[in-house]
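For our numbering, count along the sequence shown from 1 and bump the result up by 427.
Just so you know, the hints here were simulated from the structure itself, not pulled from any lab data. Keep in mind it's a predicted model, so treat the numbers as computed, not measured. By construction, the Cβ of each residue, glycine as well, lies at the ideal position given by its N, Cα and C atoms. Take these hints with a grain of salt, some might be off.
[Stated by the list, open to error] With a straight-line Cα cutoff of 25 Å, these simulated DMTMM-like cross-link-like pairs (lysine to aspartate or glutamate) come out:
{"hint": "1", "residue 1": "LYS500", "residue 2": "GLU465"}
{"hint": "2", "residue 1": "LYS450", "residue 2": "GLU524"}
{"hint": "3", "residue 1": "LYS442", "residue 2": "GLU532"}
[Claimed, not checked] Beta-carbon label-pair distances, calculated as ranges:
{"hint": "4", "residue 1": "ARG434", "residue 2": "GLY560", "range": "23 to 29 Å"}
{"hint": "5", "residue 1": "ILE438", "residue 2": "GLU554", "range": "18 to 24 Å"}
{"hint": "6", "residue 1": "SER568", "residue 2": "GLU541", "range": "39 to 45 Å"}
{"hint": "7", "residue 1": "GLU462", "residue 2": "ARG489", "range": "40 to 46 Å"}
{"hint": "8", "residue 1": "ALA487", "residue 2": "GLU465", "range": "29 to 35 Å"}
{"hint": "9", "residue 1": "LYS482", "residue 2": "LYS450", "range": "47 to 53 Å"}
{"hint": "10", "residue 1": "ARG434", "residue 2": "GLN535", "range": "18 to 24 Å"}
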Amino acid sequence: MSRFIYRMQNILEIKEKMEEQAKNDFAAANVRVMEEEELLQTFVDKRERLEAAGKELLLADRLSILDIDENKKLVAHAREQIRAQTIQVRMAHKILEEKRVHMQEAMQERKTQEILKEKAFDEFLQEEKAAEGKEIDELTSYTHGQKKKMTGDSDGK
Numbered sequence: 428m429s430r431f432i433y434r435m436q437n438i439l440e441i442k443e444k445m446e447e448q449a450k451n452d453f454a455a456a457n458v459r460v461m462e463e464e465e466l467l468q469t470f471v472d473k474r475e476r477l478e479a480a481g482k483e484l485l486l487a488d489r490l491s492i493l494d495i496d497e498n499k500k501l502v503a504h505a506r507e508q509i510r511a512q513t514i515q516v517r518m519a520h521k522i523l524e525e526k527r528v529h530m531q532e533a534m535q536e537r538k539t540q541e542i543l544k545e546k547a548f549d550e551f552l553q554e555e556k557a558a559e560g561k562e563i564d565e566l567t568s569y570t571h572g573q574k575k576k577m578t579g580d581s582d583g584k
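Take these sequences, add in the hints, and give me the full structure.
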């Protein structure tokens, strides 16, 4: 029996490498989303602390207009950071979705190549089986012919 060689094996290997790269890109994009969301949460926590501090300043026995004004500016800055970071989070999610789609396409292309390889292997097996059957038929015919010659020669024909 001869050995099966898939003529498009190099393409399959390239597709596998492309899929692996797409998976790595997706994982990196997912990490970025998590980092961006964590930073957003940090800004939200900062704003909440500043707002709580501002309430304490308003409830204090002695009001300090400068401290209250400074606190309002810090809260406004924190809100601006939250708005900007929310945009970053949305962009990171958009990139993550693009990477997910790319990864799915790469997986589909690899699976297609694997299916083609399986079909080629099945065809190879069928060809091998047919060739084996042909060899058996030839051997049987040859053996049968030899027996006829031997029996024909001994009968004196």
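Comparing the hints with the structure gives:
1. Taking the CA atoms of LYS500 and GLU465, the gap is near 23 Å; set against the 25 Å cutoff, the hint holds.
2. Proximity of LYS450 to GLU524 is assessed by CA-CA distance (about 12 Å); at most 25 Å being required, the pair is judged to hold.
3. Restraint check for LYS442 and GLU532: the C-alpha separation of about 10 Å stays at or below 25 Å, so the hint holds.
4. For ARG434 and GLY560, the hinted distance range of 23 to 29 Å is satisfied, since their beta carbons lie about 24 Å from each other.
5. For ILE438 and GLU554, the Cβ-Cβ distance of about 22 Å falls inside the hinted range of 18 to 24 Å, so the restraint holds.
6. One distance hint, 39 to 45 Å for the beta-carbon pair SER568 and GLU541, holds here, with the actual separation near 41 Å.
7. A beta carbon spacing of about 42 Å between GLU462 and ARG489 agrees with the range 40 to 46 Å that was offered as a hint.
8. The supplied range of 29 to 35 Å is met by ALA487 and GLU465, whose beta-carbon atoms lie about 33 Å from each other.
9. At roughly 48 Å, the beta-carbon separation of LYS482 and LYS450 lies within the given 47 to 53 Å, and the hint holds.
10. Our hint of 18 to 24 Å for ARG434 and GLN535 holds, since their Cβ atoms are close to 21 Å apart.
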